[in-house]
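Chains as they are written, first to last, in my numbering: chain A, 15 to 331; chain B, 3 to 261; chain C, 500 to 787.
Hints listed in this document are in silico derivations from the structure and should not be mistaken for laboratory results.
In this text, a Cβ means the ideal position worked out from N, Cα and C, and glycines have one as well.
The reader is advised that the hints may include incorrect statements.
No more than 30 Å apart at the CA atoms, straight line, and that leaves these computed lysine-lysine pairs for DSBU-like [claimed, not checked]:
1) A:153 / C:621
2) A:255 / A:155
3) A:155 / C:781
4) A:255 / C:621
According to the in silico footprint, chain A covers these stretches of chain B (three or more CB under 8 Å from chain A) [to be verified]:
5) 100-107
6) 117-123
Chain residues, written in single-letter form:
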Amino acid sequence: MWDARTLETARPRAREPVWVWLSLSAGLLVLPLVLPSPYVVQAVDILLAALLAASLNLLVGYGGLLSLGHAAFFGVGGYVAGILVKRVGLPWFATAGIGTAAAVLTAAVIGFFCVRLAGAYFVMLTLAFGQLLYTVFWKWKEVTGGDDGLTDVFPPVPWTDSTVYYYLVLVVVGLALWGLWRVCESPFGAALKAVRDSPHRAEAIGIPARRVQWAAFTLSGGLAGLAGSLFVFHHGSMFPKAAGWQSSAEAVLMAVLGGPDRFVGPLVGAVVIKTLAFLVPRATPYWQFFLGLVIVLAAFLAPRGLVELRVRRRRWG
Amino acid sequence: MTEEPVLCTEDLWKRFGGVAAVAGVNLSVRRGTVHAIIGPNGAGKTTLFHLLTGFLRPDRGRIQIRGEDVTGLPPYRVVHRRVARTFQITSVFPTATALENVQLARAAMGGYLWRPLTPFRRVEVEEAWEILRQVRLEEQAHRRAGELPHGDRKKLELALALACDPEILLLDEPTSGIPVPERPQLMALVRKVVEARGITTLLIEHDMDVVFSVADRITVLNRGTVIAEGTPGEVRADPEVRRVYLGEETRGSGKPGGR
Amino acid sequence: MHAILGLQLISALVSASFLFLLAAGVWLVFGVSRFLNLAHGSLFMLSGFLAYALSEVLLDRGGFWVLVGTVPVLMGLLGAGLERLLIRRFYGAPLRVQLLPMVALIFMISDLCRYVWGEFPKGVPVLGRFGVVSIGGVTFPGYYAVVIAVSGGVALILGWIVQRTRWGRLVRAVAQDREMAAACGVDESRLATQVFAVGTALAGLAGVLVVPISGASLGMDVSAVIDAFVVVVVGGLGSILGAAATAVLVGLTQAFGILVLPQFAIAFVFALMAMVLVVRPKGLFGVD
């Protein structure tokens, strides 16, 4: 009665074919060998932005929870890791782990409150908590360096080379994204979407809705913290702005403009927005204005994200 | 019979503002029966279901399932005591397929939620197919729930509840929105499934033909209180019930409730 | 000590005044259109700069009160235009899509202000015109009393409009049940424009009033919208006077927090918010 197909849900799902992933990995592996080194630095930033956006998308896309305070966890990871190296003198790879753990903890505490609210209230609350952390980074001058930033926290020698660091980040971000993808494809990911679509129904079939959202919030914040811990040793510095609302909004834009309904969406969004943010400011100091124009256009033309545009054309054309 | 009731409530109260939606309900449901709750609109039927399944917390009173106190438990814990329900307004997961809907219920009940390395698409697939087959929905298995016609969504709703492997099933108007001629068929299906699994069923239903044909026992609610309880025959003969409720039926079109 | 407490009380009421004017705009738009106006703070900032720009002309010709009257009217018109051209196209869209035009507005208004008025804060020096006031040994600028009186007056008038007038009844009807209101023939679309215009005008009033105290500066946009959000979250979607009371509570928490922990006074506000969320998630004055 059943064939092998019935063992899987076999719905035509929006998934990238294997060759896309293979050629992408190959491209990423040879990238630093062909790029001049300033661009390698840029490439690391894009990788970290991709992790930030993908982790946020666990909330925005899968959970339907629009967080505007995500960069704060990036900040927690970066500041904790950097401060422990600079003021305590711990080895840098250990502090990167501690920074990530600190972000997990912070996200757990903040998430506990945030998942009690839905919709616009959730947005307001995450924005507010995010700015609270930002204020701490900005005002606690003795520890964080305040406006002047936390500087001079470079890792020891082989890792200061941008190509070496690129490969480290590639491996860590690759593993993190793989893990995140597995979580999204696991029953937990399905439950998260179910809570988004119909919270009462989800509870009625035994899903602890709030706890699932809380776990997603914590995981998402933790991965942002990981990105932050890698970021601080990449640039050797951390500034409050990286944890502020603009950075959070940027991460949201990456996810939403890229396409929050699919795992690759935020990754595409991260590449596009980071590249724009790298190139456009060279042409005009008022690049935010033009970014705004692009966003408004995108909101009209591709409200479901860039990746959905591509899919649609392939299906119809 | 001296057997313990499988579900009972003791002086259950729930107020909204000044109105007592459920006012001191004592309910006792025997194992293996189909027990209908009827009453005019606003009688407190759905509120009672919300109380029994943890979606609302009673102001007073207790709820016992198989002798265990479950008062105040959240819904996802109640369902683990093997009490599953459907909703009056059909509520399925629209972006997932019918099969994924059922799989998810199985996954949640089977403790798969916290296993992040297990691929969801391989979880409880055979069991989910079996349940879809029981409600005759296997041909729609790979369609998104949001695209299903209303009748199939009603069946999927039932499948979701069955997937929780209940001993007690609460059905909130399973035939609403279904054309009258198709109702007996759907209820025969329900009856067959619950009998095969030995499930005790609590049923809210407005269609009196359905109620009197499938129910073993009937409780009549009016303004939050029980005004009668008994077999269909006893309830039909009860003068109080005839006054507040059935009296309308004889005059109306056979579908009371538009109070 | 007594004088310090008195002064803190006054400054609490001043910040409560601004909190209320800002929150009322967010509150009205969210209530009627279910639209979260993230750019509300940007409109507030724009009003501040606009007040500075107009002050060069208007202060000499008509005086401060003409300025206070003009800016909200201009901002209200701008708000109506924005609502018609951009914002209404996103009503009913998923929140994450609604967010796009708002973030775009924040970016664009911020760069626009930087382009026109530059990086440095701009002030309107009228504080001196209002002298100082002394109540029970507490001396403070008379302008503070003006701000408190104006926003208190606005709170009462708004409360009266929303509770007692025909227009207010429409607003409340739509806020409670849009389908029902639409079925009863309420012109929702016009109401949405009007409410957005009123909200923007209130941001305009807050903007023109704040400039003499702290000036117009880049960056005041987001801190303002967050303050407004905190008031809306703590107060909940209840009555306009509930929002006013919440603004006072938040203002007091801020002002006295500064005495205890100067750098992190904001933490007390968040503690308040966290407490409210745990005890009463729908907000102090919220209704289900």
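Here's how the hints hold up against the structure:
1. A:153 / C:621: Satisfied, since the Cα-Cα distance of roughly 23 Å is no more than 30 Å.
2. A:255 / A:155: Given that 30 Å is the threshold and the Cα spacing comes to 14 Å, the pair holds.
3. A:155 / C:781: Status violated; Cα separation ~36 Å.
4. A:255 / C:621: holds, 23 Å
5. 100-107: holds (count 5)
6. 117-123: It holds, with 7 qualifying residues against the three required.
Hint 3 from the list above is the single one not met by this structure.
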